[in-house]
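Engineer: Model the full structure from these sequences, guided by the hints.
Sequence order for the protein chains is A and B. Using this note's numbering, you'd call the opening residue of the first sequence number 1 and step up by one each time. Using this note's numbering, you'd call the opening residue of the second sequence number 1 and step up by one each time.
If you are wondering where the hints come from, they were derived from the structure by calculation, not from laboratory data. Don't take each hint at face value.
No copy labels: a pair is met if it fits in one copy or bridges any two.
[To be verified] Under the rule of at most 20 Å between Cα atoms (straight-line distance), these lysine to any residue pairs were calculated in the SDA-like manner: (1) Lys3 to Ser306; (2) Lys3 to Ala359; (3) Lys529 to Asp555; (4) Lys529 to Met557; (5) Lys3 to Ala432; (6) Lys529 to Val337; (7) Lys529 to Val561; (8) Lys529 to Leu435; (9) Lys549 to Leu493; (10) Lys529 to Thr31; (11) Lys529 to Pro498; (12) Lys529 to Leu297.
Predicted model only: the values in this text are computed from it and were never measured.
Listed here are the chains, written in short residue letters.
Protein chains: 2
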Amino acid sequence: MLKRYLPILTWLPHYNRRLGVADLVAGLIVTIMVIPQSLAYAVLAGLPAVVGLYASLLPVVAYALLGTSRTLAVGPVAIVALMVAIVALMTGAALSGVAAPGTPEYLQAALVLSLLSGVLLLLMGLLRMGFVANFLSHPVIAGFLTASGVLIAASQIGHLLGVELTSRELLPRLAELIRGLPELHLPTLGIGVGALSFLLFLRQYGRPTLRRVGCSRPLADLLTRAGPVFAVVVTTLVTWQFELAEAGVAVIGQIPQGLPPLTLPGVDLSLWQALLVPALLISVVGFVESVSMGQMLAARRRERISPNQELVGLGGANVVAAFSAGMPVSGGLTRTVINHDAGAQTPLAGLVAAVGIGAVTLFLTPLLHYLPIATLAATITVSILTLIDIPMIRQTWRYSRSDFSAMAVTILLTLVDGVETGIISGVLLSIALFLYRTSRPHSALVGRIPATEHFRNVERHETETVSHVALLRIDESLYFANARYLEDTVYDLVATRPELEHVVLICSAVNLIDASALESLDAINARLKDSRVILHLAEVKGPVMDRLKRSDFLDDMTGRVFLSTFAAWRELSRPSQ
Amino acid sequence: MLKRYLPILTWLPHYNRRLGVADLVAGLIVTIMVIPQSLAYAVLAGLPAVVGLYASLLPVVAYALLGTSRTLAVGPVAIVALMVAIVALMTGAALSGVAAPGTPEYLQAALVLSLLSGVLLLLMGLLRMGFVANFLSHPVIAGFLTASGVLIAASQIGHLLGVELTSRELLPRLAELIRGLPELHLPTLGIGVGALSFLLFLRQYGRPTLRRVGCSRPLADLLTRAGPVFAVVVTTLVTWQFELAEAGVAVIGQIPQGLPPLTLPGVDLSLWQALLVPALLISVVGFVESVSMGQMLAARRRERISPNQELVGLGGANVVAAFSAGMPVSGGLTRTVINHDAGAQTPLAGLVAAVGIGAVTLFLTPLLHYLPIATLAATITVSILTLIDIPMIRQTWRYSRSDFSAMAVTILLTLVDGVETGIISGVLLSIALFLYRTSRPHSALVGRIPATEHFRNVERHETETVSHVALLRIDESLYFANARYLEDTVYDLVATRPELEHVVLICSAVNLIDASALESLDAINARLKDSRVILHLAEVKGPVMDRLKRSDFLDDMTGRVFLSTFAAWRELSRPSQ
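Structural biologist: Following this line, the structure appears as structure tokens:
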């Protein structure tokens, strides 16, 4: 019982030296690798860069104690950072008119978002509501990520080119960018585009090139992933050496040295109300992404993660972030892959990384003073390229217009009206489309495939049929949305075939008959009785049958319930006397 | 084409004398029978009694031209009247602070409600959105009708007993009633309780008693149904004769003589906005009730009605009502049954009744001056008894706790917070419960029933199985809400049975595989491949297979697609070498 809520107890007793060495090495690698990313995503969220480091510290400890994934690494992630930026700006503007990043209201909004997300995740975890995440369908997530990638790129392009942009909307921002092009700042442009080109080159050709010059595969992987670290070191040195900051290149500047201060998210009720829905979306999106990654990695190692306990782990991490000057966190793809590939065995690797980042914030922040913002923008831009998934969009179009339309609406509305509208509309549209599809169920008249006990659609296969028996296979659960449709189908059948004596409803695909559908079956039975047609059922599943037995329907039904379609056929297909 | 939109063209060319006589007789009977009802429901809606007559005039003509049901009779109905009363009071209070029935704002609200309902119905009809009504599940409708019955009874009890009640909420109203009991008005009480007892007696014992004294069955039916007319005539005469109006019995009083005036619903935008959702509910509820009745009656005569064209017919009737001093109308149960049983053959019977009621409003309204409100209250109270369906509530409880909970929530919220909250919550809860059920689908390992080609759940039947093949029947369409659940089910299966070599997913109950589920099948296939387990499908339906062929899944799948479970069994159950 205790183990379920504190998963650390499942692995700590079996901990040994071999695992310890592996975790130590992985933790140190992660420490170095995630610094650029942590700083970058804090900047993306409109927060001071150091917040990204704070958010990679205590929240990681909380997740190590509560989470069930052995290798998931939590911290600031791009999508969540983007959502924080949009939400903090919008609610800041709505609540106090103060919308600029860096104001105390803005920082408060980020803390309150962390706290609310954390509490919501904990609640969902304790109520075992992990299934809610399932309602974010794959096309909606893919559409949302693609649109977010575009929004993130748009938010970074000013930093990359050295043009100051003030609009937040996508189109005005692009217009401003074009107007501002003549005044672009060449040193910033050099650093930004240089870092971007370097990272893009490394991403595309890094591994094969390094392998060709003799690196082992793990070393080539590691060096490729270290690209952002390398870019940070080089551009920081260049900026410092050539005094580019004085020439107008934006740099991170003074970072307070020391461990994160204790912060108290304000208890402004109107702020909480305004942030409740955004916090819910942030938590669900972060959760879905984390759990997908966690499940994939666990599957590789033949382990299992518990989605409901993951809610608790992520919830704990976010609550801790709210009290330690952080920002909303989630399982990050890049940091998780680095952690996993570096050989992490248990969450202790995360603890090592937390200690490492703690040491950095204690002692090494002065070294980051001259780190150009443009380098961070390049890091962000490259890392979000994975979000924009054009092949997935094309596949979805090919596979299902209905899924595609949910995806398209999510993309469009995310771009035009923000992440909140985008996701919510996508989810609601997915549900509406599913309900619409199930409300007009497919049904098929089936016939016997000669010399077998198998029955298939008469329109698709060569089958045997007899004119006084209709075998109607209903391809959907029967519930309120399609109950009337079923009536129409049967009545049409009876109206067009006057020679009918038996109608057999084949229920192999009927997984549920609700009270409305039961009412309709009653009506069908009565109506067929008037027309001297006998109603039978076949292949009713156990759970459905159990339920029917609790009603009067089976007593009133004119015909029988056959175990199989074949049994119904054998009995009814002989000509009646 | 024209016939589709003007159904009158389908029957008018074949009209003949025999039909004409039948329609004339039915129309005259309906004229007399529906007068008390029309007056009563207008009073229930808080409108002048004559509005009920106006609403039974031109709207009937509109429906006769546009509707597809031969015998449905439209006019004021109890549920719609109740909804109008609640909505007009609430929005009146919200918009202008003037909430009393009889004020010009109140009358305006009723007209605007008619117009909006009419326009919404027409729109839904032209967009062929009749299916929307299916989302009002049977338990939600039954719950809503039951709660409305209670609310209507509560609204009439003051009139019946001669106690003046001012509160609108259920509980304060009852408290007020109890406090007011000492001051009840005896003559009103006498008329109200007298009429009520007479009508209840007639309803219960009328038919058998009349048969016993020698009436034919149709005559007994007709006289029983004429109860309200009889009560109206007798109590009006008594009130007039004994000058009870002067003694304090509330009567209808002066009714303007003449045809309905032309009215123009105001174009106050805030009023329209406030009434949009209530109008939508009124139209959908009215539509569902009308269509159910229409279908039932059409079925008896081997005819069909077109739900989408019914939307147009009801929409036209409501638009006309808005411009002819009426109130929202719908197909009424009582008037329809009277019309049908009186032998109406075509909508011309409705036209005859409209002319008849026109004659009444032109010449006979002075006769209604002394009609006591208490008599109308008794008529309403008896007619709503059919709404309260306790056996249905009990059956639903027995059949499905999930359907019952939707019903209970609808009843409770309708009683406590009004019809709007009641219906909307009921619908949303029904949908949520359906989604929740489908998100955790039933699945069963099946085995062969010896010596047959039939496969059933191993836990419910004696079956043959082999240890290296798992036949897993999935009892639900695969879509985003349950895609992850499917993965969990298969992974658990593989984890617990190390000897497995083949997993066959039996898709006989899978009516849809959406893009999210396809993604999950891909993941399952890859994961099983890692574990050296081969994934097969069996009994994939035609439409599902067509769609799968448009993706890459079938190429990547390690195993095969079998036509039947038996084919998979025959092929795979032999021990592998």
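Engineer: If a hint holds in the structure, say so; if it does not, say that too.
Structural biologist: Tested hints:
1. Lys3 to Ser306: For Lys3 and Ser306, the Cα distance is within 20 Å only inside one copy (12 Å; across copies 61 Å).
2. Lys3 to Ala359: neither (31 Å within a copy, 83 Å between copies)
3. Lys529 to Asp555: within (14 Å within a copy, 49 Å between copies)
4. Lys529 to Met557: Classified as within; 9 Å inside a copy, 48 Å across copies.
5. Lys3 to Ala432: Answer is neither: 40 Å inside a copy and 32 Å across each miss the 20 Å cutoff.
6. Lys529 to Val337: Neither: 66 Å inside a copy, 22 Å across copies.
7. Lys529 to Val561: For Lys529 and Val561, the Cα distance is within 20 Å only inside one copy (16 Å; across copies 41 Å).
8. Lys529 to Leu435: Neither: 31 Å inside a chain and 34 Å across chains, both beyond 20 Å.
9. Lys549 to Leu493: neither (27 Å within a copy, 31 Å between copies)
10. Lys529 to Thr31: Intra 76 Å, inter 35 Å, cutoff 20 Å: neither.
11. Lys529 to Pro498: within (14 Å within a copy, 53 Å between copies)
12. Lys529 to Leu297: between (59 Å within a copy, 16 Å between copies)
Hint compliance for this structure: hints 2, 5, 6, 8, 9, 10 are broken, all remaining hints hold.
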